[in-house]
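**Student:** Put together the whole structure using the sequences plus the hints.
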Amino acid sequence: MTQTRRQFVGTGLAVAAAFFGLPHIANAAQLEEAIAAFTGGADMAGDGITLIAPEIAENGNTVPIEVDAPGAEAIMLLAAGNPQADVCTFNFGPAAGSRLASTRIRLAGEQEVVAIARMPDGSFKQARQNVRVTIGGCGG
Amino acid sequence: MAENVVPRVRVPRDASAGEAVSVRTLISHPMESGQRRGSDGNTIPRSIINRFTCEFNGELVIDVTIEPAVSTNPYFQFDATVNETGTFAFTWYDDDGSVYTESADITVA
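Residue numbers (my numbering), protein chains in the order written: chain L, 542 to 681; chain E, 10 to 118.
A hint or two may mislead.
As the list claims (entries may be wrong) - Partial chain L-side listing against chain E, Cβ under 10 Å, derived:
hint : residue
1    : L618
2    : Q625
3    : G638
4    : R647
These are computed hints drawn from the structure, not numbers from a lab. Just so you know, even glycine gets a beta-carbon here, dropped at the ideal spot from N, CA and C.
**Tutor:** Shown next as structure tokens:
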């Protein structure tokens, strides 16, 4: 079988990606799994949820994150590029004054932070933001 | 095993009825993620706070499920609606089975 140069380079890149990027590839599947476990595969709207995260975080050990989804009953935070995608889930009770919560999280490196809100009517909303991290927070 | 775990909460001293007050909580805890390796090259076992709840007069304000990606000394800020004078009860659940509690009073005019 003959192979074009383009195919050869492509295979080489795929092998390199599999070799160096394995945790990330494994994690993409894990992210989808975590999202599916929360939403049951439902469609997600992009509005009605605000995720506030720094564009550049100097220290990946403590990255301030704020999420606000008016009317939501639960909000899940995910970090796509961490060894484990789940970060935390906020479940709001009847005495909650708003659907806003903020916390500080760890990020292993530059990656996308995902927030998904579950509304009382069973619909879902999501927001994503990319965060660049100067010093990773997983102490590899 | 986590040592010197100290919960700290900040709630306004008084509020008007029906007001949404901002609640800030922090607990000193190493939140060992289970990803790090010690000087002997072995993985340090996971030891985190896995759940945090806040109730006001027995009514749930927020219940947070926590994974290792939450930073050392987990900090949470959220809002609570207060309709009457009462007490906030905060509870943190550790992986090792320990439960840490803290409370704060608020006077509603």
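**Student:** If a hint holds in the structure, say so; if it doesn't, say that too.
**Tutor:** We went through each hint and held it up to the structure:
Below 10 Å, beta-carbon pairs count as interface contacts, and L618/L has one with chain E at about 8 Å; its hint therefore holds. A least Cβ separation of about 6 Å between Q625/L and chain E falls short of the 10 Å threshold, and the interface hint therefore holds. Of the supplied interface hints, the one on G638/L holds, with its beta-carbon coming within about 3 Å of a beta-carbon of chain E, less than 10 Å. Interface hint status for R647/L: upheld, as the beta-carbon distance to the closest one in chain E is roughly 5 Å, under 10 Å.
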